[in-house]
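Protein chains: 2
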Amino acid sequence: MRDLFSHPNGGHAAQAAARDARVEVDKLRNFIQAMDHKSKFTDLIQIGIGGSELGPKALYIALKAYSVENRRVHFISNIDPDEAAAVLREVDPKKTLVVVVSKSGSTLETLTNEEILRSHFQKCGCNPKEHFIAVTGKGSPMDNPERYLSSFYIWDYVGGRYSATSMVGGVMLAFAIGFDGFYNILKGAHEMDLIALNPDFSQNLPMLAAMIGIWNRNFLMHPMVAILPYSSALARFSAHLQQCDMESNGKHIDKWAHPVDFDTGPIIWGEPGTNGQHSFYQLLHQGTTVVPIEFIGFRENQYGQDQIVQETNSQEKLNANLFAQAIAMARGERSDNPNKVCQGNRPSSILLGRRLDPFAMGQLLAYYEHKIAFQGFTWNINSFDQEGVQLGKRLANRILDISASKRTAKKHERFPEAEAMMRELESL
Amino acid sequence: MRDLFSHPNGGHAAQAAARDARVEVDKLRNFIQAMDHKSKFTDLIQIGIGGSELGPKALYIALKAYSVENRRVHFISNIDPDEAAAVLREVDPKKTLVVVVSKSGSTLETLTNEEILRSHFQKCGCNPKEHFIAVTGKGSPMDNPERYLSSFYIWDYVGGRYSATSMVGGVMLAFAIGFDGFYNILKGAHEMDLIALNPDFSQNLPMLAAMIGIWNRNFLMHPMVAILPYSSALARFSAHLQQCDMESNGKHIDKWAHPVDFDTGPIIWGEPGTNGQHSFYQLLHQGTTVVPIEFIGFRENQYGQDQIVQETNSQEKLNANLFAQAIAMARGERSDNPNKVCQGNRPSSILLGRRLDPFAMGQLLAYYEHKIAFQGFTWNINSFDQEGVQLGKRLANRILDISASKRTAKKHERFPEAEAMMRELESL
Chain C
1 MRDLFSHPNG
11 GHAAQAAARD
21 ARVEVDKLRN
31 FIQAMDHKSK
41 FTDLIQIGIG
51 GSELGPKALY
61 IALKAYSVEN
71 RRVHFISNID
81 PDEAAAVLRE
91 VDPKKTLVVV
101 VSKSGSTLET
111 LTNEEILRSH
121 FQKCGCNPKE
131 HFIAVTGKGS
141 PMDNPERYLS
151 SFYIWDYVGG
161 RYSATSMVGG
171 VMLAFAIGFD
181 GFYNILKGAH
191 EMDLIALNPD
201 FSQNLPMLAA
211 MIGIWNRNFL
221 MHPMVAILPY
231 SSALARFSAH
241 LQQCDMESNG
251 KHIDKWAHPV
261 DFDTGPIIWG
271 EPGTNGQHSF
281 YQLLHQGTTV
291 VPIEFIGFRE
301 NQYGQDQIVQ
311 ETNSQEKLNA
321 NLFAQAIAMA
331 RGERSDNPNK
341 VCQGNRPSSI
351 LLGRRLDPFA
361 MGQLLAYYEH
371 KIAFQGFTWN
381 INSFDQEGVQ
391 LGKRLANRIL
401 DISASKRTAK
411 KHERFPEAEA
421 MMRELESL
Chain S
429 MRDLFSHPNG
439 GHAAQAAARD
449 ARVEVDKLRN
459 FIQAMDHKSK
469 FTDLIQIGIG
479 GSELGPKALY
489 IALKAYSVEN
499 RRVHFISNID
509 PDEAAAVLRE
519 VDPKKTLVVV
529 VSKSGSTLET
539 LTNEEILRSH
549 FQKCGCNPKE
559 HFIAVTGKGS
569 PMDNPERYLS
579 SFYIWDYVGG
589 RYSATSMVGG
599 VMLAFAIGFD
609 GFYNILKGAH
619 EMDLIALNPD
629 FSQNLPMLAA
639 MIGIWNRNFL
649 MHPMVAILPY
659 SSALARFSAH
669 LQQCDMESNG
679 KHIDKWAHPV
689 DFDTGPIIWG
699 EPGTNGQHSF
709 YQLLHQGTTV
719 VPIEFIGFRE
729 NQYGQDQIVQ
739 ETNSQEKLNA
749 NLFAQAIAMA
759 RGERSDNPNK
769 VCQGNRPSSI
779 LLGRRLDPFA
789 MGQLLAYYEH
799 KIAFQGFTWN
809 INSFDQEGVQ
819 LGKRLANRIL
829 DISASKRTAK
839 KHERFPEAEA
849 MMRELESL
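Protein chains in written order, with the numbering used here: chain C, 1 to 428; chain S, 429 to 856.
It is worth saying that the hints were derived from the structure and are not from the lab.
Warning: the hint list may mix true and false statements.
Cβ-to-Cβ under 8 Å is the rule here; a few derived chain S residues that face chain C [to be verified]:
id, residue
1, Leu-625
2, Phe-629
3, Asn-632
4, Ser-659
5, Ser-660
6, Val-688
7, Gln-733
8, Gln-814
9, Gly-816
10, Leu-828
11, His-840
12, Arg-842
These stretches of chain S come out as covered by chain C in the derived footprint (C-beta under 8 Å, 3 or more residues) [what the hints assert, rightly or not]:
id, region
13, 509–518
14, 573–584
15, 738–744
16, 770–780
Beta carbons: idealized from backbone N, C-alpha and C, even for Gly.
Just chain C, same shape as in the assembly:
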């Protein structure tokens, strides 16, 4: 997918994948250059859920500081009708591109929201064909040039949670931060991909991180990991990693279809520091459950705007807090006042970068992708499927048959638990 900058590794399939990716990247460059030239669009709405939202949104927020002037991006993911309504209040359809992202072309949430937007655009006198872009699998129901301004392709061998650097994130990011910005993300990710190939563990950063995680999970038995970036720009990065890690490694069956007799993927959560310090760090220091932490920090800020207050600038204050927390977690504190005692010995790691720019963001994203995959290999589980989500989808469809039956007089299968819940809701 980003194997564009050196000779492709591996066999025929990998080389074919790199060629396919190159075609899409070149198509995107031409599309964006043509669009920059006309510069008619100020807003872009990305419709997609799961990997079609979380990774792209995390990257957009992380790199907003580098955005092309007068361009904004909005996301509609949830089936909740209020989400589409809130976004539509904020944009002028005439100046808005819509990128619809679904690999299968059949995701319920995405198709429903697309229909809502198509109606809205038509009501406003806009022809959806001139505004809607498809990002989908070749030959999917969405791959239809009669309905879209343009189509960009993705392939079924890349899971949604690993697709941020494909066209799933690419079209939106090239609009927001320019094609070169997007290309630099790819370059950064590729550099980390090469590091991840290093057979010398001591030089393989994601492998080291994976092994620390295995130690915390399977030897110290900690059920979760908090990812705490000291950077507001990474506000949604932990949410992306929550998907990437938990959907990949939240498994109880190994590759030989045997139940595992050890713990697999931990629960991942996190918020930026210093905000977290004023929120949940109390528990991290003095609670009865130990939470291993992965801190992330940067030497320089993004906007180049800072100010000295009380003899230090804000970036120095930010990093002083980052270092202080790591030391406090490790050391703890003794005190004659039991309320002030911190047990210490709470594990953390710190990942430092110079500045969160597109290249560094690409590195950081790939670092975590490889860490997650390495842990899956270690546990001998399949990090690339998600069978556990099928049951809920099937039950939801049975419940929707009940809702539909009220309008259409179609018969539906009985589902007593669900019917009881629906009666409860209707009584409110």
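The hints should help you fit chain S onto chain C, whose structure is shown.
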């Protein structure tokens, strides 16, 4: 604080608190009415961190659907200089109010960001005195009429994480959704306050929730709780509860200063459904760690805009998914294919409301506040202090002395671990 709608309970102190709260609420009504009349301000920036951001922001996002036309709210919390820079790019100072929230009037992050904004406003030719509002303790360093357009008071007996319904959230919310909207939040919260006083457990909803939580934490030994609202408007509500719960109950010392020999507050995290289904639900269904879930749902949407696609509307799809997930977690699934097996027996509860309006939001907020306090009472811990965060603050100040010493030639105490980290950062 919201004991305004019936005879105040309890003794002298509670009655005095209700009187004080009434004074501030009336002051706010007059302030907002005068402002609505002139209607000069379109944007409000709230500067505050921890409880001064999380609760207010969660409520603002939850109730944005009801906002007064052409009014927007922004938040600056982090010491990260990029956060202030990003917000300042989006507002016109001439039309912007700034609400600075700090009980002590001495929060490092907040005062630093206030200084950055005061400089920016002055550069843009605006007198900060005509734009800046203080929300602080009476007599704090910030309680200074020469520097602020107006001051609203809060009291030291209400912790930041329980202050969303005080002036900490009140000034911003009355600006955003109108004074009546804010007043309805108070009414809803007060109604739940009265329910929480009911000595009959079976009628006391937050007490029932607290006891279910104790069961999951101390009898089934689950270390965390996921709060999963099927409502995009509650996008930041789980982050607020993360603070409210973890800072209150992440304690290892009981009220008699003895170390507890059982688990106290769990880790709290969550994202809205259906988004989460496409993210971390794989682990919830098939992972090796069981995560108890609190689902939240509503019968009606907020905007009154919905559309039928494939015979059901989006609100029906949303709630079908909510019910399906609760049933799937409980039941699980047997299968000849081990990859499809879901163990089931994963605990969840569902809280249903008619519509997420200001009154319901007040109820929901107070429901969780009482649940958290009831759990603290049960564990016999002090849910209203946060001694664990002091160590990190002290260490951060020592590190800042090192940073300052580079500018001022002041001597600083040696701090070898921190100095090693700082050298590492400077080498990047």
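Structure-based check of each hint:
1. Leu-625: This interface hint is violated because 23 Å lies over the 8 Å limit.
2. Phe-629: It is violated, given that the least Cβ distance between Phe-629 of chain S and chain C is near 21 Å, above 8 Å.
3. Asn-632: violated (19 Å)
4. Ser-659: Holds, because the Cβ-Cβ distance from Ser-659 of chain S to chain C comes to roughly 6 Å (cut-off 8 Å).
5. Ser-660: Holds. Min distance 4 Å.
6. Val-688: Constraint on Val-688 of chain S satisfied, holds at 7 Å.
7. Gln-733: holds (4 Å)
8. Gln-814: holds (5 Å)
9. Gly-816: holds (4 Å)
10. Leu-828: Cβ of Leu-828 of chain S sits 5 Å from chain C, so the hint holds.
11. His-840: violated (11 Å)
12. Arg-842: violated (14 Å)
13. 509–518: holds (count 6)
14. 573–584: The restraint on the region 573–584 of chain S is violated, since only 0 of its residues have a Cβ under 8 Å from chain C and three are required.
15. 738–744: holds (count 7)
16. 770–780: holds (count 4)
Hints 1, 2, 3, 11, 12, 14 from the earlier list are contradicted by this structure; the remaining hints agree with it.
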